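Line by line, the protein sequences give chains D and W.
All residue numbers in the first sequence are consecutive under the working numbering, ending with 294.
All residue numbers in the second sequence are consecutive under the working numbering, ending with 170.
Derived by calculation from the structure, the hints in this document are not laboratory data.
Heads up, a few of these hints could be off.
As the list claims (entries may be wrong) - Pairwise CB distance ranges, derived in the manner of DEER restraints:
1) D:S145 to W:D149: 24 to 30 Å
2) W:H41 to D:G237: 46 to 52 Å
3) W:H41 to D:K213: 26 to 32 Å
4) W:A42 to D:F294: 23 to 29 Å
5) W:N55 to D:S145: 18 to 24 Å
6) D:S215 to W:Q124: 36 to 42 Å
All of these numbers come straight from a predicted model, not from anything done at the bench.
Just so you know, even glycine gets a beta-carbon here, dropped at the ideal spot from N, CA and C.
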Amino acid sequence: MVMLVFAIVNLTNFSVFTMPLVILELDLTGNERYPLMSRKIISPSTSVGQTSVAGTTGYDYTIGAQKTLPNRQQEDPLAAALYNHSLHPHARRPQVSISAYAFLFQEMVSLAVNTSKSVTEIENKLHRQGYALGPRLLELLNFRSSVTATSSRALFGKSATGPGGLGGPLEDSLASSITAMRRRDLRVLEILQFVHGPVWTYMFGRQGDDLVKSSERENEYMVVDNLPLLTQFIGHGNVQCDAFVCGIVEGILDGASFPCKVTAHAMPEDQHDRRVVYLIKFDHEVLQREALRF
Amino acid sequence: MPCYFAIIGYQDNPIYEAEFPFPQLQSFPPELKELNPFILHASLDIIDDLQWQVNPITGMSNTSSGGFLRSRHNNSNENCYLGKIDHFYGFPITSYLSYGNIRFIMIHSNGTGNVNSTQIDDNQVKLFYQEVHEMYIKALMNPFYKVNDPITSPVFDSRVRMLANKYLTK
Numbered sequence: 001m002v003m004l005v006f007a008i009v010n011l012t013n014f015s016v017f018t019m020p021l022v023i024l025e026l027d028l029t030g031n032e033r034y035p036l037m038s039r040k041i042i043s044p045s046t047s048v049g050q051t052s053v054a055g056t057t058g059y060d061y062t063i064g065a066q067k068t069l070p071n072r073q074q075e076d077p078l079a080a081a082l083y084n085h086s087l088h089p090h091a092r093r094p095q096v097s098i099s100a101y102a103f104l105f106q107e108m109v110s111l112a113v114n115t116s117k118s119v120t121e122i123e124n125k126l127h128r129q130g131y132a133l134g135p136r137l138l139e140l141l142n143f144r145s146s147v148t149a150t151s152s153r154a155l156f157g158k159s160a161t162g163p164g165g166l167g168g169p170l171e172d173s174l175a176s177s178i179t180a181m182r183r184r185d186l187r188v189l190e191i192l193q194f195v196h197g198p199v200w201t202y203m204f205g206r207q208g209d210d211l212v213k214s215s216e217r218e219n220e221y222m223v224v225d226n227l228p229l230l231t232q233f234i235g236h237g238n239v240q241c242d243a244f245v246c247g248i249v250e251g252i253l254d255g256a257s258f259p260c261k262v263t264a265h266a267m268p269e270d271q272h273d274r275r276v277v278y279l280i281k282f283d284h285e286v287l288q289r290e291a292l293r294f
Numbered sequence: 001m002p003c004y005f006a007i008i009g010y011q012d013n014p015i016y017e018a019e020f021p022f023p024q025l026q027s028f029p030p031e032l033k034e035l036n037p038f039i040l041h042a043s044l045d046i047i048d049d050l051q052w053q054v055n056p057i058t059g060m061s062n063t064s065s066g067g068f069l070r071s072r073h074n075n076s077n078e079n080c081y082l083g084k085i086d087h088f089y090g091f092p093i094t095s096y097l098s099y100g101n102i103r104f105i106m107i108h109s110n111g112t113g114n115v116n117s118t119q120i121d122d123n124q125v126k127l128f129y130q131e132v133h134e135m136y137i138k139a140l141m142n143p144f145y146k147v148n149d150p151i152t153s154p155v156f157d158s159r160v161r162m163l164a165n166k167y168l169t170k
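The shape of chain W in the complex, shown without the other chains (with noise of 0.2 Å):
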């Protein structure tokens, strides 16, 4: 499944985007391609809300509002991961916040345009997101890089998709 992954700095500007595409070049239909940024954007509320929840993955149980949006999920006391937010036409959304508080969300898809059958695991898509974050923590220790700004670095790029190749295909 092709996923769109971008990390978001805290003026909600785009610090690294990139398209997955597996398997076999396998990618989003160019007019959804095009939404990838908005979808992604509109599910920021969200997170400025989970942010502050002290239990962003089980809390939301008992309370009514998005309740049905969450992935099922064991009763972890984490609070950086925090599974699966948002949908848009059966596309999940998970986001990851980092201790700065980046944001860290990707959009799921399975390319065949069939919407029940995309389901995400939620450990692989963790460990995922564990690893990018330390990516991401090795690149903030370049002294030359200014926190916030648009990560370029091509090492950083191929690491990410080799990580995603690792744990997101599948």
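Isolated chain D (complex conformation) (with noise of 0.2 Å):
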């Protein structure tokens, strides 16, 4: 990672001390695999000693692990909408309308193009939208996936006044009523299904249409789509939009430690014009560690 640090240094000031005003540091590939915690300074522990007990203002890793009470009357109702919320995937409406979420998607992608320079710089822009989705929805569906539906018969028993909405009960949460929670994907195929059976039905309402290992390369598998949903709006041309689905599926592999570089393919057929290929290509560490374990 090509890391640059810019030094605006005050000239007016000549003495040996010269002092940087800003150090901005500018990550060259733009890539925002490994977000960095905001650098803050972290103080030497305060801990010992500190015995305040009252109310909690939050974790502060400058301070580090605390002790004090819960304290559920105090709570923003506003910032506690968000823990109040279900993840069932029935508390809420679980579609969105085909045509709104076309024009967002085609704000997404004039974004992309107008403060772009190249076409890879716009696909690439749009790969990392939808890279900050990947992790969010592997842990989402795979626990979702856990609940078993006597668990959830005995959740909407109990909150039927009203499913998903504000203020629901500590009680009504899912884990609680989880007895086995589904197992993590240890294995390339493993998670690889995972991506086109409840990735894609999740996105899409339907399986991918094929998952094919590569017959010339070890380490590449691919996703066929033989329609895709978000572009099927977007005419031919040289920008592969369906990049922001490279994106998720990138950030969902990549976040289940399975390390790798997804990209599109437009690959027409005889039937089916709009067929995409997601190609999936593992680093090398990911074929190594499954030749070790398993």
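Two chains, two frames, a set of hints: combine them into the complex.
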């Protein structure tokens, strides 16, 4: 990763102690794979002898672990709304209108087009927007699939008055009714089936059309989509707008510790002239791990 | 028994830390309290190894390495909850892995200094981890939260402490 450090130096001061006024760090690769914590000075531990047990003010990593007591009453209702929502798939309307989404996607693409100088830059921007979604989908969909039918019945029996609304009691948490969490995916094939199955179903309402292993290279797999939902209103051009979906898939696989590169390729076939192949190229460490462990 | 709980991101950075002082605001002795983050990070290697085991809870029984550390456990087929992974002078350390490989780790202690009496109830601890996992996912759903950044929300903090009161108080 290339890091540039710009120092704007106070030139009027010619003393030896020329202090940089502003230090900007720019990440030239534009690669936000591993966002660093915003840099704040971590003071030496002041935790000993600290006896603040009143209300919590949230975790502060410059202080470290605190011992406070929970205060449910003083919660900001707006901030608590996020934590009161249920994660259950039926708690909210699971679908978004395709026309509304098309408008949003069109806006995303035109923003990327207007602020970019080259085709790769446009695709990179879309890719990055998708990438942020990946780890979230990975956690959410796996968690949801841990919720079994019986446990969800228990949930809706209790909160029938306001499913998914604000202010649901804490007892409605899904996790307490889960007896066994879904297993983490450890192998390449397992995680690819997860992408091909649940992820595709969540995003596009159906499974991917095919999941193929490359016959030429060991580390390449392909997910085939005959009719991509997001880009169905976008004409054939030299910009591959499916880079957004690539970003999502790459975010999921990276989040699950399967580092890879995902690219989209338009490959029309006789009946499906919009067919897109998502090429997943795993890093070699993934294959090495697989060979060592399993 | 006071517990030290932390969520560790994939760059081994702390995302969230808390100390649960119960019962009656009992806490770690000051000399140990400063050590807690170190103890916890020392067990990260074990987690890195267990992360890719097919059966992290039961699969260790026939291999000699670290098998004695494992708490006796039923033959469940899970690999999110790792159970007791390590101990530090009698303080058990339990761990849980989320699907995005975010590590949830906790040091249990009984606060009395009596080494042999620290027992952990796997079912309760597992439920605690699952609930915190759900809270973590909810925090993750916030579009303004970046993955692997510290979670500073007071609501999250307060909820986790409530869960600790619910499941870990004995």
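**Prompt:** Of the hints given before, which are not true for this structure?
**Reply:** 3, 6
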